[in-house]
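Visitor: Each chain, written out:
2 protein chains.
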Amino acid sequence: MKKKIELHLAHWVFVDDVKFFGKGRLQLLELIQETGSISKAAKEMGMSYKKAWRMVDELNTFGKSPYVIASKGGIHGGGTEVTETGKQVMDAYHRLGEKLQTIIEQEKNLLDLI
Amino acid sequence: MKKKIELHLAHWVFVDDVKFFGKGRLQLLELIQETGSISKAAKEMGMSYKKAWRMVDELNTFGKSPYVIASKGGIHGGGTEVTETGKQVMDAYHRLGEKLQTIIEQEKNLLDLI
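Protein chains in written order, with the working numbering: chain A, 2 to 115; chain B, 2 to 115.
Be careful, since some hints might not be right.
Copies of the same chain are indistinguishable here, so a pair counts whether it falls within one copy or spans any two.
Below are the DSSO-like pairs computed for lysine-lysine, each with C-alpha atoms no more than 27 Å apart in a straight line [claimed, not checked]:
1. 3 <-> 65
2. 24 <-> 5
3. 4 <-> 52
4. 5 <-> 52
5. 3 <-> 51
6. 88 <-> 5
7. 24 <-> 100
8. 100 <-> 20
9. 5 <-> 109
10. 24 <-> 109
11. 4 <-> 65
12. 52 <-> 65
13. 3 <-> 20
14. 51 <-> 24
15. 20 <-> 5
16. 5 <-> 100
17. 20 <-> 4
18. 52 <-> 88
19. 20 <-> 88
20. 109 <-> 65
21. 65 <-> 5
22. 3 <-> 88
23. 24 <-> 3
Treat the hints as calculated values from the structure; they're not laboratory data.
Extracted from the complex, chain A is given alone in its bound form (with noise of 0.2 Å):
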């Protein structure tokens, strides 16, 4: 039988020697934009609130602004959602993904030595 060889890839940004964003927070932020709600994002994910309510609030704390604010009015009569600051760091950590995948496609012939 035919192996299936793939390469993976990770990345992250880490601030002062601490994990501080990764694909699990892209995710949680996408959720966030989606749902407009903590707790429904973290349910989807099969998160606690608590857990996911961490993570946000150090993306707060240690990122240079807020990623995820509470908003008040509108249609819904308010709800959670992700600041610009928050929108440019997941676009940018998502192109530098793609970027990286790129890279492993082009050196897919690693995977013949194996």
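Use these hints to put chain B onto chain A, whose structure you have.
Guide: What follows is chain B alone, placed relative to chain A:
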């Protein structure tokens, strides 16, 4: 106090959805090459001999040919060495890491957004 912000990355080869090769196994092979011994390599990594041996066994079993073999004779009266296949995988994995690192260097502006 200014925060230290850094990008880190990791890459792995998966075989049939199981992690097969990454930074740890690269280091293990490097140390086997250097010391001519699985037990010395394990010791330098602070790992049990059993664990190191299991890793070598996996590399030898699931790679296209063995990565590590017992060498016979020579002035040291034999020992353990990394095969050509093993060396090629080490080189390719290492080179890929350098290419990915180049992208990371080019994309450092992401860090200003954090």
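Visitor: For every hint, state whether the structure bears it out.
Guide: Hint check:
Taking the closest pair of Cα atoms, residue 3 and residue 65 come within 27 Å of each other only across two copies (11 Å); inside a single copy the shortest separation is 49 Å, beyond that limit. Taking the shortest alpha-carbon separations for residue 24 and residue 5, both the intra-copy value of 24 Å and the inter-copy value of 20 Å come in at or below 27 Å. With identical chains, the CA atoms of residue 4 and residue 52 are at most 27 Å apart between copies only, with a shortest distance of 24 Å across copies and 38 Å within one. In the homo-oligomer, the alpha carbons of residue 5 and residue 52 lie at most 27 Å apart only across protomers (25 Å), although the nearest pairing inside one protomer, at 35 Å, exceeds that limit.
Taking the shortest Cα distances, residue 3 and residue 51 never come within 27 Å of each other, neither inside one copy (44 Å) nor across copies (29 Å). Within a single copy, residue 88 and residue 5 get their C-alpha atoms only as close as 36 Å, which misses the 27 Å cut-off; across copies the closest is 21 Å, which meets it. In this assembly of identical chains, residue 24 and residue 100 lie within 27 Å of each other by CA distance both inside one copy and across copies; the values are 15 Å within and 21 Å between. In this assembly of identical chains, residue 100 and residue 20 lie within 27 Å of each other by CA distance both inside one copy and across copies; the values are 21 Å within and 23 Å between.
For the homomeric pair residue 5 and residue 109, the shortest alpha-carbon distance inside one copy (13 Å) is at most 27 Å, but the shortest distance between copies (34 Å) is not. With identical chains, the CA atoms of residue 24 and residue 109 are at most 27 Å apart both within one copy (23 Å) and between copies (18 Å). For the homomeric pair residue 4 and residue 65, the shortest alpha-carbon distance between copies (10 Å) is at most 27 Å, but the shortest distance inside one copy (46 Å) is not. Proximity of residue 52 to residue 65 under the C-alpha cut-off of 27 Å is restricted to the intra-copy arrangement: shortest distance 21 Å within a copy versus 43 Å between copies.
In this assembly of identical chains, the alpha carbons of residue 3 and residue 20 lie at most 27 Å apart only when taken from different copies (17 Å versus 37 Å within one copy). In this assembly of identical chains, the alpha carbons of residue 51 and residue 24 lie at most 27 Å apart only when taken from the same copy (19 Å versus 33 Å across copies). Taking the closest pair of Cα atoms, residue 20 and residue 5 come within 27 Å of each other only across two copies (12 Å); inside a single copy the shortest separation is 31 Å, beyond that limit. Taking the shortest alpha-carbon separations for residue 5 and residue 100, both the intra-copy value of 23 Å and the inter-copy value of 24 Å come in at or below 27 Å.
Taking the closest pair of Cα atoms, residue 20 and residue 4 come within 27 Å of each other only across two copies (13 Å); inside a single copy the shortest separation is 34 Å, beyond that limit. For the homomeric pair residue 52 and residue 88, the shortest alpha-carbon distance inside one copy (21 Å) is at most 27 Å, but the shortest distance between copies (43 Å) is not. For a Cα distance limit of 27 Å, the shortest separation of residue 20 from residue 88 inside one copy, 19 Å, qualifies, whereas the shortest one across copies, 32 Å, does not. Taking the shortest Cα distances, residue 109 and residue 65 sit within 27 Å of each other only across copies (16 Å), while inside one copy they are farther apart (37 Å).
In this homomeric assembly, residue 65 and residue 5 come within 27 Å of each other (Cα to Cα) only across copies, at 12 Å, whereas the closest approach inside a single copy is 42 Å. Proximity of residue 3 to residue 88 under the C-alpha cut-off of 27 Å is restricted to the inter-copy arrangement: shortest distance 23 Å between copies versus 42 Å within a copy. Taking the shortest alpha-carbon separations for residue 24 and residue 3, only the inter-copy value of 25 Å comes in at or below 27 Å, while the best intra-copy value is 30 Å.
Hint 5 from the earlier list is the only one contradicted by this structure; the remaining hints agree with it.
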